[in-house]
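Engineer: I would like the entire structure built from these sequences, with the hints used as guidance.
Protein chains: 2
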Amino acid sequence: MIEKSPNVVWHRATVSRKDREERNGHKALVLWFTGLSASGKSTLAHAVEDRLHKMGCHTFVLDGDNVRHGLCSDLGFSLEDREENLRRIGEVSKLMLETGVMVLTAFISPMRRDRERVRSLFPHGDFLEIYCDASIEVCESRDPKGLYKRARAGEIPDFTGISSPYEAPVNPELRCDTGNDSVDNNVDKVIGMLRQRGAIPA
Amino acid sequence: MIEKSPNVVWHRATVSRKDREERNGHKALVLWFTGLSASGKSTLAHAVEDRLHKMGCHTFVLDGDNVRHGLCSDLGFSLEDREENLRRIGEVSKLMLETGVMVLTAFISPMRRDRERVRSLFPHGDFLEIYCDASIEVCESRDPKGLYKRARAGEIPDFTGISSPYEAPVNPELRCDTGNDSVDNNVDKVIGMLRQRGAIPA
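Going line by line, the protein sequences match chains A and B. For the first sequence, our numbering assigns the number 1 to the initial residue and increments by one for each residue that follows. For the second sequence, our numbering assigns the number 1 to the initial residue and increments by one for each residue that follows.
Take these hints with a grain of salt, some might be off.
Stated by the list, open to error - The list that follows gives simulated cross-link-like pairs (lysine to aspartate or glutamate, EDC-like), each with its CA atoms no further than 20 Å apart:
(1) 189(A) - 50(A)
(2) 54(B) - 21(A)
(3) 54(A) - 22(B)
(4) 189(B) - 173(B)
(5) 94(A) - 137(A)
(6) 94(B) - 98(A)
(7) 54(A) - 173(B)
(8) 94(B) - 63(A)
(9) 94(A) - 21(A)
(10) 18(B) - 50(A)
(11) 189(B) - 22(B)
Think of the hints as simulated: they come from the structure by calculation, not from any bench.
Structural biologist: Shown next as structure tokens:
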């Protein structure tokens with residue numbers, strides 16, 4: 001079939017985020033996990049994802065593993081590069097929200113200013129900050145990658161909590177005691193918050 | 001409940017792309033639409049998305065509208081910046097594939113080398129190049145944004161097809177005659193290809 005008037009502009013169909021959320025049966029949100037290295041951000045994010053997936057929700061975890069080697073492989077760890085790293089993660093999260101997915105991010109993101117900048121990309125209520133609160137002592141005793149040891153030895157400059165500040169969230173949407181509480185308990189807390197906010201079915 | 005041994009590493013649950021594809025009932029793929037400005041890339045991509053959405057598939061269109069103002073807002077149109085622009089789009093597409101989504105991209109992407117570089121990010125068969133083939137005469141006669149007119153007047157340097165080359169795909173997975181065929185006809189072709197490849201149910 002040959003179209004008679006190829007110049008006529010075809011009305012552009014647009015599948016919206018709302019269409020996708022309705023189909024998926026839950027809201028699209030960003031769950032921004034922040035905390036010290038080894039505070040349990042990634043573990044909690046993946047455990048929450050696992051629970052949400054079993055409930056039929058559409059989810060994705062963004063963390064160093066899938067961002068630093070790809071999208072942000074051109075960036076180092078200077079102050080400027082860290083800012084740009086978080087900016088891109090924020091923008092990718094924003095695109096993913098449009099696909100109807102719950103995005104769970106697990107980055108130290110130590111500076112309040114940087115987290116607020118990412119938050120400002122989203123409509124109110126779409127960005128939920130979850131503080132993975134574990135003391136530096138607990139984190140250092142875990143030290144799964146030996147990073148604290150290396151930082152103490154002066155081998156890693158600007159290491160958060162040792163030689164670089166971590167600015168704890170003042171008013172996060174949720175605080176999880178990842179130093180003392182079990183992972184399952186913290187997952188329950190996150191799921192409870194999502195239910196309370198009407199993001200997932202009660 | 002207080003965990004007795006917070007130092008014990010919790011086994012990380014991982015929801016995989018395969019899990020998501022099984023739930024969604026279709027494969028995750030990149031449909032990379034390439035062609036001249038006004039060749040109908042965006043129109044076709046959105047029309048294909050609309051059809052796929054109605055079939056229950058999970059989709060997302062990446063185009064200048066949602067990329068240039070956000071993730072790539074720091075990039076201009078120099079050769080270097082265009083390359084970086086496409087690199088990031090490729091990396092974002094890769095992340096989105098992990099979420100189980102069919103990604104439809106609509107960018108001129110005039111250089112073979114750049115398209116091949118993006119293709120190389122994906123396992124064989126995950127990246128499908130769709131050539132939106134419309135002659136420069138047809139595109140120029142459409143000129144919905146008046147860009148060709150401005151380019152002819154010398155107001156836009158390095159405009160693809162006028163003062164900058166477009167390297168047509170040599171061996172694309174699909175060629176659509178977007179200069180003469182109707183949008184619906186081309187949508188049928190794309191859907192047919194996806195069925196033939198087993199990406200969506202027959």
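Engineer: Decide if the proposed pair is consistent with the structure: residue 18(B) and residue 50(A), CA atoms, cutoff 20 Å inclusive.
Structural biologist: Status holds; Cα separation ~14 Å.
Engineer: Against the 20 Å threshold, does the CA-CA distance of residue 94(B) and residue 63(A) hold or violate the hint?
Structural biologist: holds, 14 Å
Engineer: Straight-line Cα separation of residue 189(B) and residue 173(B) no greater than 20 Å?
Structural biologist: Status holds; Cα separation ~11 Å.
Engineer: Taking 20 Å as the top limit, are the C-alpha atoms of residue 54(B) and residue 21(A) close enough?
Structural biologist: Roughly 14 Å separates the two Cα atoms, so the pair holds.
Engineer: Verify the proposed pairing of residue 94(A) with residue 21(A), using a straight-line Cα cut of 20 Å.
Structural biologist: It holds: about 14 Å lies between the C-alpha atoms, which stays within 20 Å.
Engineer: Holds or violated: residue 94(A) and residue 137(A), Cα atoms, limit 20 Å.
Structural biologist: violated, 35 Å
Engineer: With a cut-off of 20 Å on the C-alpha distance, tell me whether residue 94(B) and residue 98(A) pass.
Structural biologist: With Cα atoms ~16 Å apart, residue 94(B) and residue 98(A) stay inside 20 Å; holds.
Engineer: For residue 54(A) and residue 22(B), compute the direct alpha-carbon distance and say whether it is at most 20 Å.
Structural biologist: holds, 13 Å
Engineer: Within a Cα-Cα threshold of 20 Å, do residue 54(A) and residue 173(B) meet the stated pairing?
Structural biologist: violated, 36 Å
Engineer: Can the restraint linking residue 189(A) and residue 50(A) be considered satisfied, given a maximum Cα separation of 20 Å?
Structural biologist: Status holds; Cα separation ~14 Å.
Engineer: With the threshold set at 20 Å, check whether the alpha-carbon distance from residue 189(B) to residue 22(B) stays at or below it.
Structural biologist: Answer violated: residue 189(B) to residue 22(B) is near 25 Å, above 20 Å.
Consistency note: the structure conflicts with the earlier hints numbered 5, 7 and 11.
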